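Novice: Sequence:
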Amino acid sequence: MSTKTAPKTWFWIAGIFAVIAGIIAIVMVARGTSVRDYVDDSYSRAANLDRDEEIAYTSTQAPSAVTAAIVGAWKPVSQYADASGVYLRYNDDMVLVRPEGRGSVIRVDDVDRAYRHYHSHVGGVWGWTSGHGESFRGRGPGAGK
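Per UniProt numbering, the sequence shown starts with residue 1, numbered consecutively.
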């Protein structure tokens, strides 16, 4: 009896894994594979507000609502807010949410380029001063000697 049951069990287990993989794929396609995709799918493109390689989007919602939606969908590595806007740092991207009229402008750029451009706002907050971690020596006294 156990030899006939075993193939059925493996069949069901494989079927369950296939369903789970399908659900994950659907969620990734619907949500996008990055914060950049999420912003592109969720907000109105505003090419007239682009700056260099920084891509702009708009929303009729306040910056706090836009930021909450983005952070709820894609957790940032770091987040900083000041009077100029909310800066969200991801591994490869930066999202800046600023007030614009009665809504918001959302700017997306490469994190390194954004760091250089917005250094006066995020320089002491995002944690690197000479490239990603190059200034950190750490590990205690005598390490690396």
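A portion of the hints provided could be inaccurate.
As the list claims (entries may be wrong) - Restraint-style ranges between C-beta atoms, simulated for each label pair: (1) Ser-78 / Arg-51: 17 to 23 Å; (2) Val-19 / Val-71: 17 to 23 Å; (3) Arg-116 / Arg-45: 43 to 49 Å; (4) Ala-62 / Ser-34: 23 to 29 Å; (5) Gly-124 / Ala-14: 48 to 54 Å.
Hints are computed from structural coordinates only; laboratory data are not their basis. Since we're looking at a predicted model, the values are computed, not measured. Virtual Cβ for every residue (Gly too), placed ideally from N, Cα, C.
Novice: Give a verdict on every hint.
Specialist: Here is what the structure says about each hint:
A hinted range of 17 to 23 Å for the beta carbons of Ser-78 and Arg-51 is consistent with their spacing of about 22 Å. In this structure, Val-19 and Val-71 break the distance hint of 17 to 23 Å, their C-beta atoms being roughly 30 Å apart. Against the hinted window of 43 to 49 Å, the Cβ-Cβ separation of Arg-116 and Arg-45 comes to about 24 Å, which falls outside the hint. Evaluation of the 23 to 29 Å hint for Ala-62 and Ser-34 yields a pass: the beta carbon distance comes to about 24 Å.
Hint check: Gly-124 to Ala-14, Cβ distance near 52 Å, so the stated range 48 to 54 Å holds.
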